[in-house]
Amino acid sequence: MASIDPAAPSRRRGKSFLGLGVAAVLLLVAMVFAIRYGAASLKLSEVFDGLFNLGNVFARQVVWDIRFPRVVVAALCGAGLAIAGSILQAVTRNPLGDPHIFGFSSGAGVAAIALLLLAPGYPTGLLPVASFLGALLAAAIVFALAWRGGISPIRFALAGVAVAALFTAISTTLIATSDLFTQAVLSFLAGGLYQVGWTGLWTILPYTVVAGLVAIVIADRLNILALGDDIAASVGLRVERTRLLLVALAAILTAAAVSVAGLIGFVGLVAPHVARLILGSDERVALPMAALLGALLLVVADTIARVVIAPSEIPVGIFTAIVGAPTLLILVRTRT
Amino acid sequence: MSALLAATGLTHAYRQARVLSDVSLSVNAGEFVAIIGANGSGKSTLLRILGRLLRPNAGSVLIDGVPLATIAPRAFARRVAFVPQGPVAPGDVVVRELVRRGRYPHRSRFGGSTEHDRAAIETAIARVGLADLADRPMGMLSGGERQRAWIALALAQEPALVLLDEPTTFLDIAHQLELLTLLTRLNREEGLTVVTVLHDIAQAAQHAGRIIGLRDGRVVADGPPQVVVTVDGLRALFGVSLRVMPDPDTGLPLVLPHAG
Chain A
1 MASIDPAAPS RRRGKSFLGL GVAAVLLLVA MVFAIRYGAA SLKLSEVFDG LFNLGNVFAR
61 QVVWDIRFPR VVVAALCGAG LAIAGSILQA VTRNPLGDPH IFGFSSGAGV AAIALLLLAP
121 GYPTGLLPVA SFLGALLAAA IVFALAWRGG ISPIRFALAG VAVAALFTAI STTLIATSDL
181 FTQAVLSFLA GGLYQVGWTG LWTILPYTVV AGLVAIVIAD RLNILALGDD IAASVGLRVE
241 RTRLLLVALA AILTAAAVSV AGLIGFVGLV APHVARLILG SDERVALPMA ALLGALLLVV
301 ADTIARVVIA PSEIPVGIFT AIVGAPTLLI LVRTRT
Chain B
1 MSALLAATGL THAYRQARVL SDVSLSVNAG EFVAIIGANG SGKSTLLRIL GRLLRPNAGS
61 VLIDGVPLAT IAPRAFARRV AFVPQGPVAP GDVVVRELVR RGRYPHRSRF GGSTEHDRAA
121 IETAIARVGL ADLADRPMGM LSGGERQRAW IALALAQEPA LVLLDEPTTF LDIAHQLELL
181 TLLTRLNREE GLTVVTVLHD IAQAAQHAGR IIGLRDGRVV ADGPPQVVVT VDGLRALFGV
241 SLRVMPDPDT GLPLVLPHAG
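Protein chains in written order, with my numbering: chain A, 1 to 336; chain B, 1 to 260.
Accuracy of the hints is not assured; some may be wrong.
Not close to chain A: a few residues of chain B, all C-beta gaps over 12 Å, as computed [to be verified]:
hint, residue
1, Gln16
2, Ala58
3, Asp64
4, Gln85
5, Pro87
6, His106
7, Ala119
8, Gln157
9, His175
10, Thr184
11, Leu254
12, Leu256
A short, non-exhaustive set of chain B residues, derived as facing chain A with CB atoms under 7 Å [said to hold, decoys possible]:
hint, residue
13, Ala13
14, Tyr14
15, Gly40
16, Arg55
17, Ala69
18, Ile71
19, Pro84
20, Gly86
21, Ala89
22, Gly102
23, Glu115
24, Arg118
25, Phe170
Source of the hints: derived by calculation from the structure; they are not laboratory data. Every residue gets a Cβ at the ideal spot worked out from N, C-alpha and C, and that includes glycine.
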């Protein structure tokens, strides 16, 4: 028999706040370093000079006009993909849940490529719109395919994987049968934040912030869904309506991310697992933690992608995998 | 006085196969009812309909005289709790956190937990005898302790009625007895109404005040154990002859698993 320990719940809460605080500080530090390094590296003083407009015109241009919005977009995309991944893992009760694996991103890919091929002279503002709609459409198709008087988690997962395979095949066919192949297609498919600036930031900010905050506020419903549909329904949760709301949030977050950053894989898969391995499965803390870690991962990966062969860039997806995979493996082997 | 729960004309089929035919029953506050029957007799289906997890093809269920379909899910969850067969929780969830989730029907939509929530959680944990293990993760509990934690989750809903689907299935004989004793105590001492599907007729006869027997989706027996659990009654329910004799101490029927 274990003895009664009245301090245990508050100790757990303390650990959660500490974990979230450390992750937030790490994210801020990473963002400062991300602004500092690039094709031209700055001094820390120049970073703050540029951020707060203290008189250095060169620093202002590099920091405020170029790097700051890009770094914030990286953080927003990373956080959004991580929350989307957390939601899809919870809704399908499947550890492989991820907006990429379940075809949401592939829908964006098909839409973007179709636009590039059918309307080569499209206005530049249209690519984000097309990919945003493509991601939402793919999510709607997955949901519709999984519906039969209700969503079963396994049907949703399988429908997602099937849609991902189908849309990827369509994308590949479109590319292979067309001689028109631009740098734009390639960089979209590889994913990256090349030339993303203030326009991109304002485009996704409202979607990511609103959908992300709603997800964090209702995170406790993920906890209830985790106990199975019968328990969830018997404590009065409207299971199907909740799942629809959650999937819609995941779709919006994914659509916003892919519309500016292209197809970035792995963040949505790895960040939720790392968060749960550190803080446990309670989504009230694991979900915000996943958002912070997803943001951190993408900011770090994007910085590496910019710096390694500057002034050229390497697709960021390579580094989300290079940084994320070992982190996940180390945690899985040491903490489970 | 109207019954706590009243079902009329429940009929249900999965695809073509009919599993319930015109089942009617009512349960009064304070009863301990066991539903027995052979595999496929429709007992789980009946329980799921009563627990609002399944909508019947035909028929109606009233709770406190109000049609089930007109009650909001959370209001229903404050009157009726359901403990499914073999539920699974993430292994790192501690007992107190599991039980907290049973407070969902009482919480305002975005509000935090109140003093009463916290008290209800501790009370529920104490009622199932897990106070010493409240901070232990579910993954580190024995099967019997885990099942009691799920019952505490149901109690945290502060329901008048708890429905259980074969709660003793994965337990050894000692933990089966412990669990049924717990349910009997909650029923007798705290007035909780219990309706449980039980596989074991002998257990049903020893603990339930009333037994409902289903065969092929119909109620074929309904009454106290001495009336339902007889050689003829069990032959009608299960199609085999079993030996039945009265317990020398209590007079309740004992069932022996061989032909008499």
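Structure-based check of each hint:
1. Chain A leaves Gln16(B) outside its interface by the beta-carbon criterion, the shortest separation being 16 Å against a cut-off of 12 Å.
2. With a least beta-carbon separation of about 17 Å from chain A, Ala58(B) lies farther than 12 Å from that chain, consistent with its non-interface assignment.
3. No beta-carbon of chain A is positioned within 12 Å of the beta-carbon of Asp64(B); the least distance is around 16 Å.
4. Chain A draws Gln85(B) into its interface by the beta-carbon criterion, the shortest separation being 9 Å against a cut-off of 12 Å.
5. Some Cβ of chain A comes within 12 Å of the Cβ of Pro87(B); the nearest lies about 6 Å off, and the non-interface call is violated.
6. With 12 Å as the threshold on Cβ separation, the claim that His106(B) sits away from chain A is violated: the shortest Cβ distance comes to roughly 9 Å.
7. Annotated as non-interface, Ala119(B) keeps its C-beta farther than 12 Å from every C-beta of chain A; the closest such distance is 14 Å.
8. Non-interface status of Gln157(B) relative to chain A is broken: a Cβ of that chain comes within 12 Å, the nearest being about 6 Å off.
9. Distance to chain A confirms His175(B) as a non-interface residue, since its nearest Cβ pair spans about 16 Å, more than 12 Å.
10. Chain A leaves Thr184(B) outside its interface by the beta-carbon criterion, the shortest separation being 22 Å against a cut-off of 12 Å.
11. Non-interface status of Leu254(B) relative to chain A is upheld: no Cβ of that chain comes within 12 Å, the nearest being about 33 Å off.
12. Here Leu256(B) stays apart from chain A, with its beta-carbon at least about 34 Å from theirs, past the 12 Å limit.
13. The restraint placing Ala13(B) at the interface with chain A is violated, with a minimum CB-CB distance near 14 Å, outside the 7 Å limit.
14. For the restraint placing Tyr14(B) at the interface with chain A, the shortest Cβ-Cβ distance is roughly 12 Å, beyond the 7 Å limit, so the hint is violated.
15. With its C-beta approaching chain A no nearer than about 20 Å, Gly40(B) sits outside the 7 Å limit, and its interface hint is violated.
16. With a least beta-carbon distance of about 10 Å to chain A, the hint placing Arg55(B) at the interface is violated under the 7 Å criterion.
17. Evaluation of the Ala69(B) hint against chain A yields a violated restraint, the C-beta minimum of about 14 Å exceeding 7 Å.
18. A cut of 7 Å between beta carbons decides the hint on Ile71(B): the least distance to chain A is about 10 Å, and the hint is violated.
19. A cut of 7 Å between beta carbons decides the hint on Pro84(B): the least distance to chain A is about 4 Å, and the hint holds.
20. The interface hint given for Gly86(B) is violated, since its Cβ lies 9 Å from the closest Cβ of chain A, which is over the 7 Å cut-off.
21. For Ala89(B), the interface hint holds, the least distance from its beta-carbon to any beta-carbon of chain A being 6 Å, beneath 7 Å.
22. A cut of 7 Å between beta carbons decides the hint on Gly102(B): the least distance to chain A is about 6 Å, and the hint holds.
23. About 15 Å separates the beta-carbon of Glu115(B) from the nearest beta-carbon of chain A, more than 7 Å, and the hint is not met.
24. The restraint placing Arg118(B) at the interface with chain A is violated, with a minimum CB-CB distance near 10 Å, outside the 7 Å limit.
25. Violation of the interface hint for Phe170(B) is found here, the shortest Cβ-Cβ separation to chain A being roughly 15 Å, above the 7 Å cut-off.
The structure does not agree with the numbered hints 4, 5, 6, 8, 13, 14, 15, 16, 17, 18, 20, 23, 24, 25 stated previously, though it agrees with the rest.
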